[in-house]
Structure formats: C-alpha cells, structure tokens
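Got chain D sorted already, so can you dock chain S onto it with the hints?
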Amino acid sequence: MVPLSWYLALSAVLFTIGVVGVVIQRNIIVLFMCIELMLNAVNLTLVSFSRYLGDVTGQLFVFIVMAVAAAEAAVGLAIIISLFRNRETLNVDEADLLKL
Amino acid sequence: MQLENLGLYYWAIAPEIIVSVVGVIIMMVDAFSSRGARKLNAVIALAGLIAALVSVVMLDGLGSGSYFSGMVVIDPIRIFFSVTILLAAIVAALLASQFLKDEGLPPGEFFSLLMFATAGMLLLAGAGDLVTVFLGLEIASITSYVMAGYRRYDLRSNESSLKYFLLGSFSTAFLLYGMALTYGAAGSTNIQKITAAIASGQVNYPALLLIGAALMIVGFGFKIASAPFHLWTPDVYEGAPTIVTGFMGTGPKVAVFAAFIRVFVIGFGPQDSEIGIQLHTTWVTVLAVIAALTMTIGNVIAISQKNIKRMLAYSSIAHAGYALVGFLTGDFAPVAFYMLAYSIMSLGAFAVIQLLARAGDQRTEIADYAGIGFEAPALSFSLAIFLLSLAGIPPTAGFMSKFYVFKTAWDMTPELRWLVLVAVINSIISVYYYLYPIVVMFFRPLVPGFIKPRIAGMTMIALILTLLGTFYLGIMPNRLMNAMSRPPAVVTQITVK
Chain D
1 MVPLSWYLAL
11 SAVLFTIGVV
21 GVVIQRNIIV
31 LFMCIELMLN
41 AVNLTLVSFS
51 RYLGDVTGQL
61 FVFIVMAVAA
71 AEAAVGLAII
81 ISLFRNRETL
91 NVDEADLLKL
Chain S
1 MQLENLGLYY
11 WAIAPEIIVS
21 VVGVIIMMVD
31 AFSSRGARKL
41 NAVIALAGLI
51 AALVSVVMLD
61 GLGSGSYFSG
71 MVVIDPIRIF
81 FSVTILLAAI
91 VAALLASQFL
101 KDEGLPPGEF
111 FSLLMFATAG
121 MLLLAGAGDL
131 VTVFLGLEIA
141 SITSYVMAGY
151 RRYDLRSNES
161 SLKYFLLGSF
171 STAFLLYGMA
181 LTYGAAGSTN
191 IQKITAAIAS
201 GQVNYPALLL
211 IGAALMIVGF
221 GFKIASAPFH
231 LWTPDVYEGA
241 PTIVTGFMGT
251 GPKVAVFAAF
261 IRVFVIGFGP
271 QDSEIGIQLH
281 TTWVTVLAVI
291 AALTMTIGNV
301 IAISQKNIKR
311 MLAYSSIAHA
321 GYALVGFLTG
331 DFAPVAFYML
341 AYSIMSLGAF
351 AVIQLLARAG
361 DQRTEIADYA
371 GIGFEAPALS
381 FSLAIFLLSL
391 AGIPPTAGFM
401 SKFYVFKTAW
411 DMTPELRWLV
421 LVAVINSIIS
431 VYYYLYPIVV
441 MFFRPLVPGF
451 IKPRIAGMTM
461 IALILTLLGT
471 FYLGIMPNRL
481 MNAMSRPPAV
491 VTQITVK
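Protein chains in written order, with the numbering used here: chain D, 1 to 100; chain S, 1 to 497.
Just so you know, these hints were derived from the structure itself, not from any lab. Predicted model only: the values in this text are computed from it and were never measured. Warning: the hint list may mix true and false statements.
[Said to hold, decoys possible] In silico SDA-like cross-links for lysine to any residue, where the CA-CA straight-line distance does not exceed 25 Å:
{"#": "1", "chain 1": "S", "residue 1": "193", "chain 2": "D", "residue 2": "59"}
{"#": "2", "chain 1": "S", "residue 1": "101", "chain 2": "S", "residue 2": "465"}
{"#": "3", "chain 1": "S", "residue 1": "193", "chain 2": "D", "residue 2": "56"}
{"#": "4", "chain 1": "S", "residue 1": "101", "chain 2": "D", "residue 2": "86"}
{"#": "5", "chain 1": "S", "residue 1": "193", "chain 2": "S", "residue 2": "60"}
{"#": "6", "chain 1": "S", "residue 1": "101", "chain 2": "S", "residue 2": "40"}
{"#": "7", "chain 1": "S", "residue 1": "101", "chain 2": "S", "residue 2": "154"}
{"#": "8", "chain 1": "S", "residue 1": "193", "chain 2": "D", "residue 2": "53"}
{"#": "9", "chain 1": "S", "residue 1": "39", "chain 2": "S", "residue 2": "454"}
{"#": "10", "chain 1": "S", "residue 1": "193", "chain 2": "D", "residue 2": "8"}
{"#": "11", "chain 1": "S", "residue 1": "193", "chain 2": "S", "residue 2": "280"}
{"#": "12", "chain 1": "S", "residue 1": "306", "chain 2": "S", "residue 2": "360"}
{"#": "13", "chain 1": "S", "residue 1": "306", "chain 2": "D", "residue 2": "94"}
{"#": "14", "chain 1": "S", "residue 1": "193", "chain 2": "D", "residue 2": "5"}
{"#": "15", "chain 1": "S", "residue 1": "193", "chain 2": "D", "residue 2": "60"}
{"#": "16", "chain 1": "S", "residue 1": "193", "chain 2": "S", "residue 2": "277"}
{"#": "17", "chain 1": "S", "residue 1": "452", "chain 2": "S", "residue 2": "368"}
{"#": "18", "chain 1": "S", "residue 1": "193", "chain 2": "D", "residue 2": "62"}
{"#": "19", "chain 1": "S", "residue 1": "39", "chain 2": "S", "residue 2": "452"}
{"#": "20", "chain 1": "S", "residue 1": "193", "chain 2": "D", "residue 2": "64"}
{"#": "21", "chain 1": "S", "residue 1": "306", "chain 2": "D", "residue 2": "93"}
{"#": "22", "chain 1": "S", "residue 1": "193", "chain 2": "D", "residue 2": "52"}
{"#": "23", "chain 1": "S", "residue 1": "193", "chain 2": "D", "residue 2": "44"}
{"#": "24", "chain 1": "S", "residue 1": "452", "chain 2": "S", "residue 2": "103"}
{"#": "25", "chain 1": "S", "residue 1": "193", "chain 2": "S", "residue 2": "68"}
{"#": "26", "chain 1": "S", "residue 1": "193", "chain 2": "D", "residue 2": "55"}
{"#": "27", "chain 1": "S", "residue 1": "101", "chain 2": "S", "residue 2": "27"}
{"#": "28", "chain 1": "S", "residue 1": "193", "chain 2": "S", "residue 2": "63"}
{"#": "29", "chain 1": "S", "residue 1": "193", "chain 2": "D", "residue 2": "50"}
{"#": "30", "chain 1": "S", "residue 1": "193", "chain 2": "D", "residue 2": "47"}
{"#": "31", "chain 1": "S", "residue 1": "193", "chain 2": "S", "residue 2": "278"}
{"#": "32", "chain 1": "S", "residue 1": "193", "chain 2": "D", "residue 2": "54"}
{"#": "33", "chain 1": "S", "residue 1": "306", "chain 2": "S", "residue 2": "425"}
{"#": "34", "chain 1": "S", "residue 1": "193", "chain 2": "D", "residue 2": "63"}
{"#": "35", "chain 1": "S", "residue 1": "193", "chain 2": "D", "residue 2": "51"}
{"#": "36", "chain 1": "S", "residue 1": "452", "chain 2": "S", "residue 2": "105"}
{"#": "37", "chain 1": "S", "residue 1": "101", "chain 2": "S", "residue 2": "29"}
{"#": "38", "chain 1": "S", "residue 1": "101", "chain 2": "D", "residue 2": "82"}
{"#": "39", "chain 1": "S", "residue 1": "193", "chain 2": "D", "residue 2": "4"}
{"#": "40", "chain 1": "S", "residue 1": "193", "chain 2": "D", "residue 2": "57"}
Chain D extracted, bound-state conformation:
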C-alpha cells in the first residue's frame, strides 16, 4: 500500500509547481491554469487525508471545492474576455494602467 506521506509529498510538489507558475508566467490563461493546479493539489491532499482518517468529510469538501472552482473559472474567463475586448492582449504585464 502506498503510504500517506507519498500522497502528501506529491500534492505539495503540485502545489509548489502552481505557485511557481503563478509567479513566473505572464500569460493570463496560463496563470489561471496554475491556480487551478493549486486547487487540485489541495483536493489530492483532502482525499488522501479522508482515506487515511476513514472520515468522509474530506471527500465532501473536495466536491465543494470543485463546484467553487467551476464557478471561479466561469467568472475568471468572463473577466479575461472583457479585458481582451478592450485591450487585445493576454499579457499581464501590459495590464499596467494602474501602477503598483
């Protein structure tokens, strides 16, 4: 049987890939995919804990996370489209009207 720590390590690695992607990528769609990757890494953690603890809450939590991620994707893509209509670019560095 695969021990719990392997699942946790895999999800930590996936989460880190997502974080690094958000930090270094410049295309909005890729950024968005990296965030989805982070959420799915969390789902893996939840499911593996759920199995390890013999408790169903973790699995139910995953369903809620997936539903929320879908809603977030719908809104996110709508925002990206409205920005693209006005500016015709998908590069976050060009969304620079408001200076940090």
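Same frame as chain D, but now just chain S:
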C-alpha cells in the same frame, strides 16, 4: 415530519436565506420589467437587507448554539459582524441607485450581485466549520470580482477586476491548503472539534498543524489586506467603481475578520496541551509582527499618494493593522467595534468621493479637490468629518474605536504593549495624510471646471446615516460596548447539536 429530527434548522440561516432569495427575486423583476426599474430594484434590495437585519436581531434572542452538524453557529461574533455587514450593504445599496443612473449601467445585475455577496459574507460570519468558511469566502469573493469589473468598457475597471480575481484565487488556494492540512492533523473540519483535538493533544502530525495555520494566515492575510500580502489593494481599489471600492473595503473585510477570529482566536486559542501552547504562541507572535508591518507600511506609503482612492486604499491597509491589534487581545469585541466604526466612516468617505468624481471616476486626484470647500460645503464638510474620523480625532467613531482597541490591548496583553505603542505612533503619522485633502479643499484656489454634483435622495439618506453613525459611535459608544462585553467564554462552550 419534524425537520429538526434531520438536523435542519432553517431559521438558523434565516438572514442568508432572505438575502439570497431577494437576490433571485431582483433578477426576476429585472428580467420582466422595463429598462427603468432601477428604483424598484433598489427598494427590493433595501427591503431584503432590512428584513435580514431584523432576522439577525431575532437570532440574537435565541441564544448561542450550533446547527447543521456544527456547520453554522449562532453566537455574539456572528450577530455583531452580521449587523455590520448588513449595514455596509444597506449603505452600498442606497448609494448604488444614483451611481447606476449616472453611469447608465444595468441595475438588476448590480443589486443581485450585491445581495449574493452579502449572503456569502453572512455565511462567512456564521461559519462553524472550515467547509462553510471556504464556501462563504468564495461566494463573497467571486461576486466581488464581478462587481469590481462592473464598468466593463473601462480599462481601469477591467484591470482592477482581473488583478482582484487572480490574486484573490491565488490566496484562496493557500487558505484551502491550510484548511486541508489542518483537517489532516486534527481529523475534523469542525472548528470546535479541532479545538478539542488540540486541547487533548490528539494531533496526528503537529508539524502539519503548524504549517496549516501558517498557510491559513497567508490566505486570511490576503483577504484582509495585511502586509506583506497587501500589494493588490491599491490597484484594485483605484480601478473599481468608487461605490464598489467602498463596499469591497468594508463588507468582505468585516466578514473575513469574523472567520479569522473564529478559526484563530477561538479555534487555535490557548490550550493546555504542548501543541496547543506552541501553536498559540507562534501565531500570536507572527500576527503581532504582521500587524506592526501592516500599520507602518499602510501609513507611510499613504503619505505619498496623489489619488484619493489610492490613499484610502493604503489607509484601509493601515486600519486592518489596527484591527489586528484588537484581534491579538483574544476577545472579539474590540475588533467588532473597530470594524463597525471603520465601515461607517470608510463608506461615508467613499460616498462623497463617488459624488465628486462624476461619471467614470474622472476626478479622483487630490488636486481635483482644490478650493471646493465653500463651493460644495455639505460634501466637503462631510468628507472632512469622515477623514478626521479615520484619523482618529475625537469626538468621532474613529477615535473611540482606536481608543477601545488600544486600551483593551494595553490592559489584557502586557506582552504586546510595544505593539500598542507602534499603533499609537502610526495614528499620529496618519493625521498628516488625512488632513492634506482637507487643507486642499478649504485653503487652495478653486480648480477650473468644477461642477457642483447633484445629490439624489437615496444618496442623501446614506450620507446622513453614515454621519450620524460616525458621531453616535464617537459620543455614545457605551450601549454597544456593553452589549458586546458578554464574556467570550460563552462562545467556546457551545455543544454540537
């Protein structure tokens, strides 16, 4: 059949149900009525929010308890934070009517989004389980992303919405990972059960719990705009329509503070076990440093701002820092009082800015305010009062809330007195940038092209409400403070039904 036997107590989530149903009703009314149903939508929204406010007050009469297998709780934290959220939503709804008319934006979607955002925030304030915390936070956040981009032909609004969305979902992922690790360590997502597990020392991997708590601090820290997770705030606040900025800067922040208190102050409170002590001292130290950083960064950068919305964005960062000082006292009352006072004065200030900015937020530079003091005296004096209140000058709400937070922190946590000193020094620094727009308004020659704004009836009501609130909390805070000073121990002793 008894619904109670199934563990369904619908009245326990009555405010959330009312607000969500009204949101759907507004969508329906908007679909089946002519284009000019703006006033009707506003009235329905206000009626719904007031009904929800009444139901929150009625919930208070039922005493503390936890429902839906511990998913939702009723306790003083929920009551006070829900009232603040609903008041912020009422003021936002009052202001929205004129904003939507002046900008020619569709009203139905705006009011229903406002309702759904409020429902999410109310759920967040009443969440007794990490699952409901996540759900409430996301309902509130996703609707706020849309509201920030509501002026969809305006590039600034698009950018604000995009940045809010990307950084908001990024931070949510951290929060969620923290929740997952806490679940693994404590074996439950219910906050009371997590507390019980920590108190008895039955934690699977203590390291996981500490990492989980750290990740949750990152997630919550993003949402309340505390340093070093505050970088999104100025851009998002500047680009969003002013009325949305006012609502975003108050409602979600209040709700996240409620959940933050429930997870950390109550959930991860001081316990006798080894892991409990370690966890508590660690997060208190980390948050004390974050609070000091947040106040200092917010105030110092606010000084150099030329745009009043950006200035207020940094000011809101600083205020999150002051509220965190109250947070560290281990009592919810100072934070609840602070957030109520902050919401009232901040919304008032944004209401005036909205009126002076004209359609499309064209005039938001501080230089645009030159000499308007005696041209538009009602607005200028109101703005001056709100800014003085934000600075903490007596006899306003800002002074009383700061005094309450600092006094409680000084008395209850002697080891954090250095933080109170930092906070007091910061409030003194902040007076400079709050006074600057007032000086510009009253003592500079009039800027060319100034047109005195029209004030619609509902906007007037909102301004009067916020002004009255600012003075009421500043002069007669006793009643509210006494109501809040019920012992927080009551909160922790709820049994899961």
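List, from low to high, the hint numbers that the structure doesn't satisfy. none
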